[in-house]
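Chemist: Chain A is fixed; fit chain B onto it per the hints.
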Amino acid sequence: AQSVTQLGSHVSVSEGALVLLRCNYSSSVPPYLFWYVQYPNQGLQLLLKYTSAATLVKGINGFEAEFKKSETSFHLTKPSAHMSDAAEYFCAVSDLYSGGSNYKLTFGKGTLLTVNP
Amino acid sequence: NAGVTQTPKFRILKIGQSMTLQCTQDMNHNYMYWYRQDPGMGLKLIYYSVGAGITDKGEVPNGYNVSRSTTEDFPLRLELAAPSQTSVYFCASSYSLRYEQYFGPGTRLTVT
Chain A
1 AQSVTQLGSH VSVSEGALVL LRCNYSSSVP PYLFWYVQYP NQGLQLLLKY
51 TSAATLVKGI NGFEAEFKKS ETSFHLTKPS AHMSDAAEYF CAVSDLYSGG
101 SNYKLTFGKG TLLTVNP
Chain B
1 NAGVTQTPKF RILKIGQSMT LQCTQDMNHN YMYWYRQDPG MGLKLIYYSV
51 GAGITDKGEV PNGYNVSRST TEDFPLRLEL AAPSQTSVYF CASSYSLRYE
101 QYFGPGTRLT VT
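So the protein sequences, as listed, match chains A and B.
Residue 1 is where the first sequence starts when you use this note's numbering, and the numbers rise one by one after that.
Residue 1 is where the second sequence starts when you use this note's numbering, and the numbers rise one by one after that.
For reference, chain B alone in the conformation it holds in the complex:
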């Protein structure tokens, strides 16, 4: 049981490039989330999904897109990367709103 996995672990992008951060969970959770973590700022919700085919914006969705075609996968797409997107990105999943969220190990992204 791997839990929540994320790839890649590290990535350096040039300004204007695009990339997809992968997230997969094997716990059959309906709810999945993407957060970004910046030093001293806690975690900010980017997007979340309540099931396959259903996604919604969080606090900081600008510059990102998501899709949810299966229960297991919830990729995050960055279009036209900007230095402000330099951050650590965490994917998480939960059984329902009442239950705790399980986090992946994170992807450290640098945009230069």
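Here chain A stands alone, though its shape is the one from the complex:
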């Protein structure tokens, strides 16, 4: 079964510092990968997605992520954190090869990002 590991349930950075949120997945075939953001009391919003095109993916709000097959990783980065980036971030993996009734989007447990002034 597919699994997603987000290292660090809570990451704290200073405003203007680099943001690095880690995501590793387990898959023997290239999956589709997503990062979602959830602001307090809201639903999830797509930040970016990897669909087997370019390995460096740019998303909204200055975020980007790099797919590294050899490391089975899809870490999320932003060069300079802003106070408005404080939210919970979820990595998700889509197992497209299961097909039929076995398809699902597997989410990591989330990383809460705090940005300090």
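Wrong hints could be hidden among the right ones.
As the list claims (entries may be wrong) - Here are the simulated lysine to aspartate or glutamate pairs, EDC-like style, with alpha carbons at most 16 Å apart:
#	chain 1	residue 1	chain 2	residue 2
1	A	K69	A	D95
2	B	K44	A	D95
3	B	K14	B	E79
4	B	K44	B	D56
5	A	K109	B	D38
6	A	K49	A	E64
To be verified - Across the chosen pairs, the derived CB separations fall in these ranges:
#	chain 1	residue 1	chain 2	residue 2	range
7	B	M41	A	T77	23 to 29 Å
8	A	T5	B	S69	34 to 40 Å
9	A	E64	B	I12	39 to 45 Å
10	B	K57	A	Q42	23 to 29 Å
Derived by calculation from the structure, the hints in this document are not laboratory data.
Glycine included, each C-beta is placed from N, C-alpha and C at the ideal position.
Modeler: Same frame as chain A, now just chain B:
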């Protein structure tokens, strides 16, 4: 274009009561999903649908039922509510398996 809407936003149920969580999308998506979110646990798939009249179980379907009579609507039914069903419920939709899922704002349910 409202996207995915959910009602109600909040609900408190007593043990043993039943209720239906409503979900509607106006993007003409074939795929729709119900998730529950518990603190520190990410999202767990309850049920999903690949089109009107077709539904299937996800990871945690026990205690829930769904139906899909139209493309737009995908209600989730809770029968005999239990405290373990206290959670935040999200409905989502997507154009296909390859595309991103769009989420509703959620329903916060408490069972006491």
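Chemist: Work down the list of hints and note, for each, if the structure agrees.
Modeler: Hints, verified against the model:
1. For the proposed pair K69 (chain A) and D95 (chain A), the alpha carbon gap of about 15 Å is at most 16 Å, so the pair holds.
2. Using a Cα cut-off of 16 Å, the hinted pair K44 (chain B) and D95 (chain A) holds, with the two alpha carbons roughly 15 Å apart.
3. Straight-line distance between C-alpha atoms of K14 (chain B) and E79 (chain B) comes to about 12 Å, which keeps the hinted pair within the 16 Å bound.
4. Our distance criterion of 16 Å between C-alpha atoms is met by K44 (chain B) and D56 (chain B), whose separation comes to about 14 Å.
5. A distance of roughly 10 Å separates the Cα atoms of K109 (chain A) and D38 (chain B); the hinted pair therefore holds under the 16 Å criterion.
6. In summary, the hint linking K49 (chain A) to E64 (chain A) is supported, as the alpha carbons are separated by about 9 Å, within the 16 Å threshold.
7. Evaluation of the 23 to 29 Å hint for M41 (chain B) and T77 (chain A) yields a pass: the beta carbon distance comes to about 25 Å.
8. For the hinted restraint 34 to 40 Å between T5 (chain A) and S69 (chain B), the CB-CB distance of approximately 39 Å keeps it satisfied.
9. At roughly 42 Å, the beta carbons of E64 (chain A) and I12 (chain B) sit within the given window of 39 to 45 Å.
10. Between K57 (chain B) and Q42 (chain A) the beta carbons are some 27 Å apart, a value that agrees with the proposed interval 23 to 29 Å.
Violated hints: none; the structure is consistent with every hint.
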